[in-house]
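Novice: Going down the list, the sequences are from chains Z and S. Just so we're aligned: 27 in the working numbering is position 27 of the first sequence, and the numbers increase by one with no gaps anywhere. Just so we're aligned: 89 in the working numbering is position 89 of the second sequence, and the numbers increase by one with no gaps anywhere.
Hints in this document: simulated from the structure, not taken from any laboratory. The beta-carbon is built from N, C-alpha and C at its ideal position, and this holds for glycine as well. Among the hints, erroneous ones may be present.
To be verified - Residues from chain Z that face chain S, not an exhaustive set, calculated with beta carbons under 10 Å:
1. Val22
2. Trp35
3. Phe86
4. Pro120
5. Thr123
6. Cys135
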Amino acid sequence: MPLRRSNVDTDQIIPAVYLKRVTRTGFEDGLFAAWREDPGFVLNRPAYAGASILVAGEEFGTGSSREHAVWALSDYGFRVVIAPRFGDIFRGNSLKQGLLTVELPQAAVETLWDTVEQSPTTTVEVDLAAREVRCADRSWAFSLDDFSRWRLMEGLDDIGLTLRHEDAITAFEAQRPSYGVVVS
Amino acid sequence: MSRTLAQKVWDTHVVHRANGEPDLLYIDLHLLHEVTSPQAFDGLRMAGRKVRRPDLTIATEDHNTPTDNLLTISDPTSRTQIETLRRNCAEFGIRLHPLGDPEQGVVHVMGPQQGLTQPGMTIVCGDSHTSTHGAFGGLAFGIGTSEVEHVLATQTLPQTTPKQLAVNVTGELPAGVTAKDLILALISKVGTGAGRGHVVEYRGSAIEKLSMEGRMTVSNMSIEWGAKAGLIAPDDTTYAWLEGRAFAPRGKSWESALDHWRSLPTDPGAVFDSQVELDASSLTPFVTWGTNPGQGAPLSASVPDPESFSTEAERTAARRAVEYMALSPGTPLRDVAVDVVFVGSCTNGRLEDLRLAADVIRGHKVADGVRMMIVPGSAAVRAQAEAEGLHEVFTAAGAEWRFAGCSMCLGMNPDTLKPGQRSASTSNRNFEGRQGKGGRTHLVSPAVAAATAVVGRLAAPADL
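Looking at chain Z on its own, in the form it has when it is part of the complex (with noise of 0.2 Å):
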């Protein structure tokens, strides 16, 4: 799916209205909720219905650091996000939650653009494991750091995989400074 648009920060992925939710699930609702009132918006237009790529404009994903906006497009439908440039608290958000986050030169976005605007069928493929996206009988490499990578393919949880150093925090723990802080 095609947003043309840069600077797309998180109050326009969802507004903070939605996020007085408790619980972790159906954050759909509040997806771009502010544009999606209008009936041309993308996300409005059948054609692209159940595309599970988006791609946007540099500077996705900036400003607050609400999760909300990875799980309203979790929710959605979305696995990946393709952009030139995120946000930095997004991107590692999104990783932590299983949306690929691939960033691509803007020329590679702007091809993409065109494509699936003149063809919304065209199937877009996104390549963890090759590091590699492929459009039409084009392909660019992205990079997402191993460590991220083999997290994601294997679908790891974050805490188990520290607490496998929890001797190590122990021991931090005994040598931290007495007149650190304490609040209670």
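Please arrange chain S on chain Z, whose structure you already have, making use of the hints.
Specialist: This is chain S only, laid out in the frame that chain Z set:
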């Protein structure tokens, strides 16, 4: 080897380091609020995990609270969210400052005012403006809910080493130009993505001269240009501000802490990956005209012509922004009339900000048809302001004196703009609909906010 301030803080918090993996960092303080924590607590319960260090964790209620009273949350969904935080804190033994508590307030005002934020610490919170705490010379950054759960369970976070960026602000701010003008001008100069992947250190004579409140305003908006964190070296201003606060070390501990803190500033010869220069003496009151914090201009300028920008992406963004903001290119910014003036938020809701606004508005009246809201950043700031009589200055001018909270910064609680309304706001984000669906936001300093309230159009104190 010479190291930067941020590298020193980082190095002293590495719990585990291995090739090809992010460093595992220890977190000294974890701040919680009602919006980004409920799903994290649920995650803990589902996995049968506990909060590892409730004694390094503290919560407050701020985002989704009313500011017209302390007792009644009329929206049932909001009430559930607040009650969920209270239940979670009780269950896991976490200190909470709820509505009505003398220390309740915006999380990034509440922490520093109690002396919880100290140099050299690692501080996280499920809120992007956690960068605020970097003003004390610690490494402080915003995290998502998965990471909130991770810190609750392990008191650590895996983190990839960021790049180092120095912002050198030379010269001296002219009279009437504030920290807010400085950071707005900087973001406008470098753009909203310039800090990405970096921790930033703000340095130079203009930064050294800022008060702690001013430094917090600067560090607060680091995220608005994409930086992970924004640090300022601790110095005598920092220590004077901290000494005697509730959680500041005392006696011998204070001396030990001071020794450590004095070792933190960046070593001479330390290398930054990149540098940005800004001359403070050239700055004037600065406001935003668009829908991201980088779309700003001096108050004396006019709404820019979108076609004047150098890249197509910027031109497209500016066209859309000018249309959303209902502005015409070429209109002097001083001609832009506002409906609402909001003074508050984690950016500008501290005592010094309220004093600045009060000094400007003293003896004047809020213009007809303009609503001015003063929302102290915390209950303690509110009490201090009242002890100084500031509330009387505001109410005499016709402004609303409200209770502490995030209020109109984020369009979540009852304080919102109506569709089409235009605000001058001391907050940090002018995104489309940020302060309420269809609302239009101009980011300004507290001094400009107060002058704007009097004139009814964007204005500086010198215009009164």
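Novice: Each of the hints needs a verdict: does it hold here or not?
Specialist: Against the structure, the hints:
Because the beta carbon of Val22/Z sits about 4 Å from the nearest beta carbon in chain S, less than 10 Å, this interface hint is met. Among the interface hints, the one on Trp35/Z holds; its C-beta lies about 9 Å from the nearest C-beta in chain S, closer than the 10 Å criterion. Interface hint status for Phe86/Z: upheld, as the beta-carbon distance to the closest one in chain S is roughly 8 Å, under 10 Å. With a least beta-carbon distance of about 22 Å to chain S, the hint placing Pro120/Z at the interface is violated under the 10 Å criterion.
Interface hint at Thr123/Z: violated, since its Cβ lies 27 Å from the closest Cβ of chain S, which is beyond the 10 Å cut-off. Interface hint at Cys135/Z: violated, since its Cβ lies 21 Å from the closest Cβ of chain S, which is beyond the 10 Å cut-off.
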